[in-house]
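Engineer: Below are the chains, spelled out letter by letter.
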Amino acid sequence: MPKRKTEKKKLNIPQKNPEKLIAKDDVRIDGRKLDELRPVKIEVGVLGNADGSAYIEQGKNKILAAVYGPKEVHPRHLALPDRALLRCRYHMAPFSVEERKSPAPSRREVELSKVIREALEPSVFVEYYPRTSIDIFIEVLQADGGTRCAAITVASLALADAGIPMRDLVVACAAGKVDGRLVVDLTDFEDKEGEADVPLALMPNLNAITLLQMDGGLTVDEFEKAVNLAIDGCRELYKFQKEALKSKYVAVKEAVEE
Amino acid sequence: MSRSERKSGQFVVPGDRLGVIEEFTSGPGTYVEHGTIYSKTTGRTLMDTLNKKVSVYPLVQAVGVPRVGSVVSGQVLDVKSKVGVLRILNVGKRSLSGFFTGILHISDVSPSYVETMFSVCKTGDIMRAKVISDKNRTFYLSTADKNLGVIYAFCSQCGHVMLLRRQRLECSRCGNIEERKVTSDYGEGAM
Ligand SMILES: [Zn+2]
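In order, the protein sequence lines correspond to chains B and Z.
Our numbering numbers the first residue of the first sequence as 1 and each following residue consecutively.
Our numbering numbers the first residue of the second sequence as 1 and each following residue consecutively.
Errors might be hidden in some of the hints.
Stated by the list, open to error - Covered, in the sense of this in silico footprint (three residues per stretch, anywhere, with C-beta under 8 angstroms from a C-beta of chain B), are these stretches of chain Z:
#1 14 to 23
#2 26 to 40
#3 60 to 68
#4 71 to 85
Said to hold, decoys possible - Sample of chain B residues with no beta-carbon within 10 angstroms of chain Z, all distances over it, derived:
#5 V40
#6 D51
#7 E57
#8 E72
#9 R83
#10 P103
#11 A196
#12 V220
Derived from the structure by calculation, the hints contain no laboratory data.
Cβ coordinates follow ideal geometry from the N, Cα and C atoms, glycine included.
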């Protein structure tokens, strides 16, 4: 029965998996250009209980960051005599991905917590607060690729919102290779189906990279291009970061003056 | 924006360039790296053209942290014969993120000899003290000043507020009389 066979074949192809990730006219599956970021929305100061907080939507990513401190270190023996202990907890909500994620910290979350902390630490004047801790909590409410970068971008704003002295903001963005083409700010689908992913975090005024990773394969030339593409993405995102701080603090001050 | 174009009152975030050290000195809220002055906080610029100094007036400040020399206030958690434990809740007038723990040793209570801590403070009292050391990850406190000591005491019999009458602390409810190392402004409500 040949007819039934063709029907079955059709059903096996998931509707949302197109054959090509990039169409002939350089348009990606979500309609973006190769060097175009996903839509970004950032808000600073969204949690009243935290000392600092921020929220980001980048494409389908929705991430909250809260900062507590500088405060007394518990357990005591972890306290550092010459600087603050910067701690970070990256966590994905059980409902953040299509298949329910166990709420217990996974190996990936533990690693990302460390990666994010190390990307943020160079920006913070931790030496001003010896024997204290600064705790960053990152909660991914919905994930769609590039959450580590969006988490760094939003956590840096939460630190600034907590009034902690900083050398610069940290902003992060990924570039990668999809269908043989270099693109910026990959979605989860592009990340999984693509050839390479290069997340990068930047202190834009100091021109210092605080995180650079690569997953997949790129030639030296492609790698350099990907890094530059990610840096351009960071600079674009930085405008949103700055605007978010401005709209909180300038709006508040003007409301007080009125 | 060229560096000399900066005016007072401009909104800046951490990392914004404010000038170079050949032009300005670095004031509060700023730091210098490789000859360039940057903001280290979210705030507004203050350009002192007379003294050639650039500062940032902060629009947000970090929560307070006790430091050696700061006057702190908090609640007495525990009292032993030689030592009292204070849960520090305020540094000056600024509140904290959670609390810090401070230790008041009997030798730092007063310039004169004190027999026992139980005549200085009791659990639950509100105290004002000065941080004199932060060795070994601990804040050591002193109340050896007339402005330092218990600012609110509670009756150990019934828990009501003690009132200061003729240099003695008397319970506002049961009339119980107790001893404390009180401040000169005891009961006036100032933290
Ligand atoms: Zn009483």
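Engineer: Now look at each hint and say whether the structure bears it out.
Structural biologist: Here is what the structure says about each hint:
Only residues whose beta carbon comes within less than 8 angstroms of a beta carbon in chain B count, and the segment 14 to 23 of chain Z has 4; three or more means the coverage holds. Look at the segment 26 to 40 of chain Z against chain B: 4 of its residues bring a Cβ nearer than 8 angstroms to a Cβ of that chain, three or more, so the hint holds. Against chain B, the segment 60 to 68 of chain Z contributes 5 residues with a C-beta closer than 8 angstroms to a partner C-beta. That satisfies the three-residue criterion, and the hint holds. Remark: the segment 71 to 85 of chain Z is not confirmed as covered by chain B, as 0 of its residues place a Cβ nearer than 8 angstroms to a Cβ of that chain, below the required three.
Taking the minimum C-beta to C-beta distance to chain Z, about 17 angstroms, the non-interface status of B:V40 holds against the 10 angstroms cut. Its beta-carbon lying about 5 angstroms from the closest one in chain Z, B:D51 breaks the requirement of being farther than 10 angstroms from that chain. Listed as outside the interface, B:E57 is consistent with that label: its C-beta sits roughly 20 angstroms from the nearest C-beta of chain Z, beyond the 10 angstroms cut-off. The claim that B:E72 lies off the interface is violated: its Cβ sits roughly 5 angstroms from the closest Cβ of chain Z, which falls inside the 10 angstroms cut-off.
Against the 10 angstroms criterion, B:R83 stays outside the reach of chain Z, whose nearest CB is about 12 angstroms from its own CB. With a least CB separation of 24 angstroms from chain Z, B:P103 remains clear of the 10 angstroms interface cut-off, as annotated. The Cβ of B:A196 sits about 30 angstroms from the closest Cβ of chain Z, beyond the 10 angstroms cut-off, so the non-interface label holds. With a least beta-carbon separation of about 29 angstroms from chain Z, B:V220 lies farther than 10 angstroms from that chain, consistent with its non-interface assignment.
Hint compliance for this structure: hints 4, 6, 8 are not met, and every other hint is.
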